[in-house]
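Residues per chain are reported as follows:
There are 2 protein chains.
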Amino acid sequence: MASLVESFFSSETAPSNLDVSLATTREFIQFHLKENRLFCFITSGGTTAPLEKNTVRFVDNISKGTRGATSAEHFLNQGYAVIFLARRMSIQPFTRHLQLDEILDSLSDGTIHDNKVDFDLGPKGKKIFSMIEQYKKVKEHNLLLKVDFTSISDYLFLLRGISQLLSKCEKRAFFYLAAAVSDFFVPAAELSEHKIQSRDSTQLTLKLTPTPKLIPLLSKEWAPLSLLTTFKLETDPSLLILKAKRAFTDTGPNHRVVVANLLHETRRKVVLVLSHEKQHREIVNSLESGKEIEELIIKELAQIHHDYIAESN
Amino acid sequence: MASLVESFFSSETAPSNLDVSLATTREFIQFHLKENRLFCFITSGGTTAPLEKNTVRFVDNISKGTRGATSAEHFLNQGYAVIFLARRMSIQPFTRHLQLDEILDSLSDGTIHDNKVDFDLGPKGKKIFSMIEQYKKVKEHNLLLKVDFTSISDYLFLLRGISQLLSKCEKRAFFYLAAAVSDFFVPAAELSEHKIQSRDSTQLTLKLTPTPKLIPLLSKEWAPLSLLTTFKLETDPSLLILKAKRAFTDTGPNHRVVVANLLHETRRKVVLVLSHEKQHREIVNSLESGKEIEELIIKELAQIHHDYIAESN
Numbered sequence: 001m002a003s004l005v006e007s008f009f010s011s012e013t014a015p016s017n018l019d020v021s022l023a024t025t026r027e028f029i030q031f032h033l034k035e036n037r038l039f040c041f042i043t044s045g046g047t048t049a050p051l052e053k054n055t056v057r058f059v060d061n062i063s064k065g066t067r068g069a070t071s072a073e074h075f076l077n078q079g080y081a082v083i084f085l086a087r088r089m090s091i092q093p094f095t096r097h098l099q100l101d102e103i104l105d106s107l108s109d110g111t112i113h114d115n116k117v118d119f120d121l122g123p124k125g126k127k128i129f130s131m132i133e134q135y136k137k138v139k140e141h142n143l144l145l146k147v148d149f150t151s152i153s154d155y156l157f158l159l160r161g162i163s164q165l166l167s168k169c170e171k172r173a174f175f176y177l178a179a180a181v182s183d184f185f186v187p188a189a190e191l192s193e194h195k196i197q198s199r200d201s202t203q204l205t206l207k208l209t210p211t212p213k214l215i216p217l218l219s220k221e222w223a224p225l226s227l228l229t230t231f232k233l234e235t236d237p238s239l240l241i242l243k244a245k246r247a248f249t250d251t252g253p254n255h256r257v258v259v260a261n262l263l264h265e266t267r268r269k270v271v272l273v274l275s276h277e278k279q280h281r282e283i284v285n286s287l288e289s290g291k292e293i294e295e296l297i298i299k300e301l302a303q304i305h306h307d308y309i310a311e312s313n
Numbered sequence: 001m002a003s004l005v006e007s008f009f010s011s012e013t014a015p016s017n018l019d020v021s022l023a024t025t026r027e028f029i030q031f032h033l034k035e036n037r038l039f040c041f042i043t044s045g046g047t048t049a050p051l052e053k054n055t056v057r058f059v060d061n062i063s064k065g066t067r068g069a070t071s072a073e074h075f076l077n078q079g080y081a082v083i084f085l086a087r088r089m090s091i092q093p094f095t096r097h098l099q100l101d102e103i104l105d106s107l108s109d110g111t112i113h114d115n116k117v118d119f120d121l122g123p124k125g126k127k128i129f130s131m132i133e134q135y136k137k138v139k140e141h142n143l144l145l146k147v148d149f150t151s152i153s154d155y156l157f158l159l160r161g162i163s164q165l166l167s168k169c170e171k172r173a174f175f176y177l178a179a180a181v182s183d184f185f186v187p188a189a190e191l192s193e194h195k196i197q198s199r200d201s202t203q204l205t206l207k208l209t210p211t212p213k214l215i216p217l218l219s220k221e222w223a224p225l226s227l228l229t230t231f232k233l234e235t236d237p238s239l240l241i242l243k244a245k246r247a248f249t250d251t252g253p254n255h256r257v258v259v260a261n262l263l264h265e266t267r268r269k270v271v272l273v274l275s276h277e278k279q280h281r282e283i284v285n286s287l288e289s290g291k292e293i294e295e296l297i298i299k300e301l302a303q304i305h306h307d308y309i310a311e312s313n
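Quick mapping for you: the protein sequence lines, in order, are chains B and H. Everything in the first sequence is counted per the UniProt record's numbering, starting at 1 for the first residue and increasing by one. Everything in the second sequence is counted per the UniProt record's numbering, starting at 1 for the first residue and increasing by one.
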């Protein structure tokens, strides 16, 4: 398994933002280690699997990054310093509460004076107001670091690099790997140079290679003391728990939680499958609660992290 | 060819927004026919080709919809009523000038009083101010109708429906088909019901079917008097003009223009390949011009449309 991963990293190209992103991450970690913070590393959004070197087409995933972006705010609320590794253009913490078309209408209804517009926060005013207050604090204390990726290979290079940097935080680092990572990709050596041409009435056959499994390596070698939470999304109810349990195969004792859910229940119900408990825990949110399900998930996970830190080694 | 198209429409599922969208489009057309407007039908953004019925994965295209959204504003500037059929979440006219993260920072730097924020337009102030002025006029005169799609089949149903409605505008309708339409898709009958499962070290083979060519039918039957402009994007310079010329095969005399460009030159250079002129026209924009290349393209096309209307039948 490890050799598959090694050959992946030696044959694929590192993303152009790798060095700068890792340098910034290193600084961010130094800064908050001094402050004695807990760290949360969130990955969010879907990775692409390009079909051409000069990429026009790619295989993608429906993830828009809502789970990751929402969770980031709730981890920040719990006092964590958050590293947010997300798909470029995916849903982002804080800005997710703003809609461009609503803003445009507010702006066009406002009065403009001296390069300023009176901007009406509208019916969502109270919520946006408290979001802005939280955002100000996060900025002031430098609590959120964003790094972005597009393709599966960008993602894996950044995942490895950031994990290795975080390993020095040991148990204080919590990994929340919510990104929807392609199970398949086309290796660089097999990519067509230019846009694949269509020919009348000829089928296109694509051969995709399974993505090497990095979580076992991450768990056992890159960050062996940090607590890992991974995710499992399925559409078939009969597979969900089975596949979530299977996710613990080959990972170390720091891989404690799989957050599992069905596609159509994403906002309403998740199951926490735990490596160290027979019983899994259901988290159900009702529409009437006025809460986001991520608030409930993160409270539960922060407690698990707290207990994990308190365990004697 | 026509029978391939018929079998496509009889075997694929119409999008849920089809009926409402066509009813709204019909009203929009009635309204502006009375006002004696010219119509521009813009398609924008990439279509997806889902790989599962309960879609988790799909083949996509890098188009973000910048060309279409930018062009919409320039057509509105030329006095057209615009029907904008665009990929859900793609770049939109007017809002494309706003960045959520900049807005969040402006909001968080502003002073909040009575549910309002003093919103500083920042260094882009002048540009945003004039954009807001244009947007107000467009709203006041009801000049922009937006319809959205996600998958290739959504797109084709909406393209057919809107084209047939616009056919009554005859020469007054200008079609600007900038959407990046998948050349391949998986027919509904061949789609896996649930998320395709990955199995260790087994390749995934995908068989994709060529998308039926609808432009010949659109050109000859659905809207035979309206002026058609289509688009060709390539990454290989040696293919660009060849493929652009080939786009006129099987289309009617109303298909007059192909706007062709190389992926890496999108913002800087396009070639107008014309069915009725031997010489093609290059449009080159310099960074220093302070203009968007779409302004130049649309001026040229509006003139071609004007001449087309003036031709005796």
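Be a bit skeptical, because a hint or two may be false.
Identical copies carry no separate label here, and so any pair may be met within one copy or between two of them.
Unchecked claim - For lysine-lysine, the following BS3-like pairs were computed, each having C-alpha atoms within a straight-line distance of at most 30 angstroms:
| id | residue 1 | residue 2 |
| --- | --- | --- |
| 1 | K53 | K269 |
| 2 | K291 | K34 |
| 3 | K139 | K278 |
| 4 | K291 | K116 |
| 5 | K137 | K124 |
| 6 | K243 | K207 |
| 7 | K136 | K213 |
Hints were generated in silico from the structure; no laboratory data involved.
A quick look at each hint next to the structure:
1. In this homomeric assembly, K53 and K269 come within 30 angstroms of each other (Cα to Cα) only across copies, at 22 angstroms, whereas the closest approach inside a single copy is 39 angstroms.
2. Within a single copy, K291 and K34 get their C-alpha atoms no closer than 33 angstroms, and across copies no closer than 49 angstroms, so neither meets the 30 angstroms cut-off.
3. In this homomeric assembly, K139 and K278 never come within 30 angstroms of each other (Cα to Cα): the closest approach is 41 angstroms inside a single copy and 59 angstroms across copies.
4. In this assembly of identical chains, the alpha carbons of K291 and K116 lie at most 30 angstroms apart only when taken from different copies (25 angstroms versus 34 angstroms within one copy).
5. For a Cα distance limit of 30 angstroms, the shortest separation of K137 from K124 qualifies both inside one copy, at 20 angstroms, and across copies, at 26 angstroms.
6. In the homo-oligomer, the alpha carbons of K243 and K207 lie at most 30 angstroms apart both inside one protomer (24 angstroms) and across protomers (26 angstroms), since each shortest distance falls under that limit.
7. Taking the shortest alpha-carbon separations for K136 and K213, neither the intra-copy value of 38 angstroms nor the inter-copy value of 52 angstroms comes in at or below 30 angstroms.
Hint compliance for this structure: hints 2, 3 and 7 are broken, all remaining hints hold.
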